Amino acid sequence: MKKLLALLMSLTLLLALAGCGGDQGSTPNQNNASNGSTSSITPEAITARGVLRVGVKTDVPGFGLQNIADSSYSGIEIDLAYKIAESLGIEKVEFTPVTAATRGQLLDSGDIDLVAATFTINEERKASWNFTTPYYTDAVSLLVKNDSGIEDFADLQDITIGVATGATSKVALIAAAADAGITLDEDKNFAEFASYPEIKAALDAGRVQAFSVDGSILAGYLDNTNHIVESIRFSPQDYGLASKKDATEWAEYLDGLVTGWLADGTMAQIIADNGVVASYTE
Amino acid sequence: MFLLQQVFELWRWQDLLASWPRFATAFLNTLEIAVLALTLSLFLGVMFGLMSTSHNLPLRIITRIYVEFFQNTPLAIQVFFVYYALPYAGIVLNEITIGILCVGIYTGAYMSEVVRAGIGSIPKGQFEAAASQGFTYIQTMLLIILPQTVKIILPPLVNQMVNLIKNTSIVAMIAGMDLMYRANAWATNGYMSYGPSYLLCGVLYFAICFPLSTWARGYEEKLKRRDSQTSKELEKIEEVVA
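Read top to bottom, the protein sequences are chains A and B. For the record, in the first sequence the residue sitting at position 215 is 215 according to this note's numbering, with numbers rising by one throughout. For the record, in the second sequence the residue sitting at position 52 is 52 according to this note's numbering, with numbers rising by one throughout.
Mixed in with the good hints, there may be bad ones.
Claimed, not checked - Here are some chain A residues pointing at chain B (derived, C-beta under 7 angstroms):
no.	residue
1	A101
2	G104
3	T165
4	G166
5	A191
6	A201
Claimed, not checked - Residues from chain B that keep clear of chain A, each with C-beta distances beyond 12 angstroms, as calculated:
no.	residue
7	Q14
8	F135
9	C209
10	T214
11	S228
Stated by the list, open to error - Now the stretches of chain A that chain B is said to cover, found in silico as 3 or more residues with beta-carbon under 8 angstroms:
no.	region
12	125-138
13	205-212
In case anyone wonders, no lab produced these hints; they're calculated from the structure. Just so we're clear, the structure is a prediction, and the values are computed from it rather than from any experiment. All C-beta atoms, glycine included, are put in the ideal place defined by N, C-alpha and C.
Between the sequences and the hints, there should be enough to build the whole structure, so can you do that?
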């Protein structure tokens, strides 16, 4: 009986192994195909692949928001992704959720073709990735509790401000406060969190006294217990589509699209359609 | 690929070294959380381990509840609860304290299971022999049972200790200013040199964990050697007596 069982088991194992072998035999072709297109991202390669892979935010109302009920995405950046796919002559767009901390790595590894995720353009980041002409300009502000009494930069000296990991709002706020003669310390006055909902939770729990990020994003977290500090608006931030540094042709293609849409009013229409305030102008 | 490229770019390392005091502070914070949480978890582990082997039913029930609750809920949820929910009840602990308490209590549950298993592996005769010589419960445990338990539970106990050290990185999620938080902040701000930042972070964690596990292995060997020496000497004495 035992011997029979052993025989049966080894037979099953053998079959399973053979099955694996068969699978491996059929995959190399597919692997080669996908490797060929990720190592150098070009508009033609994406059209040939038939699917555009875009890194988007899932938690920013108006820009990139994932609907919990049916997992669909909506927002300016989602509309942009579909328009880019349309001009490439393809219909399928594959969305990958990204955070401020993961979007750069995902671009570098070739897992996604572009990032449309409220990605602020700056000189340091330009050293690592290609950015298009800004499709939206925002300014940073603060969300505070109604009873906090925070009105200007001087009120920020003794509080903790919640910011998103990897976002530029921390550096921008320190600089803006310095202009107003107030010194803010990177460690004492700031706490970095992985996502915006966590900062909102920290604000509600009293862990941080202010939530600082771009105004358009803050608007999504307004409720009857808090408000945006209107006297503190600083550092206009340009959002651009980011792509991998070595994919120059693809970057130029994207920039051409964005510039065209800015000129013919398509961009303004997309912004208005998503209920977002118009781009910030000085 | 880009990560590797970053690691070989000298200017990124120079940029990182220029702000070493920030990493040093973070390293000390991690060390503080680790050392204090370790002390707490060892204390809880031995206490609850002893309680779970006692003949007192209520004590055993309390231990079961403690162990099952902390072993079967994620550490992240426990930390989030203390950080986000307790302030509503008026309890506001700072991030370092939360790290020490949460990681210490969480690991204590695992350690108590290790201690319980260790005590359970000591032959019943040892307890009976101690009782026959008039040892009290405390004396039996401290002088007879626990010393024999140590070399049995050392390997799994050190596993838990090393896990504890690595688990302290959970406070990065609540802006705990520890090593992981610093590495994350460095990797995602300024020049976004995530390659050097995470590499340094890993090396620093290794620098805390490796000496601990190496020491434990050495100590275990020493205990075993001492044991075999003792039994050889005993054999000699027995031969002489015979």
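| field | Hints that the structure is at odds with (numbers, increasing) | value | none
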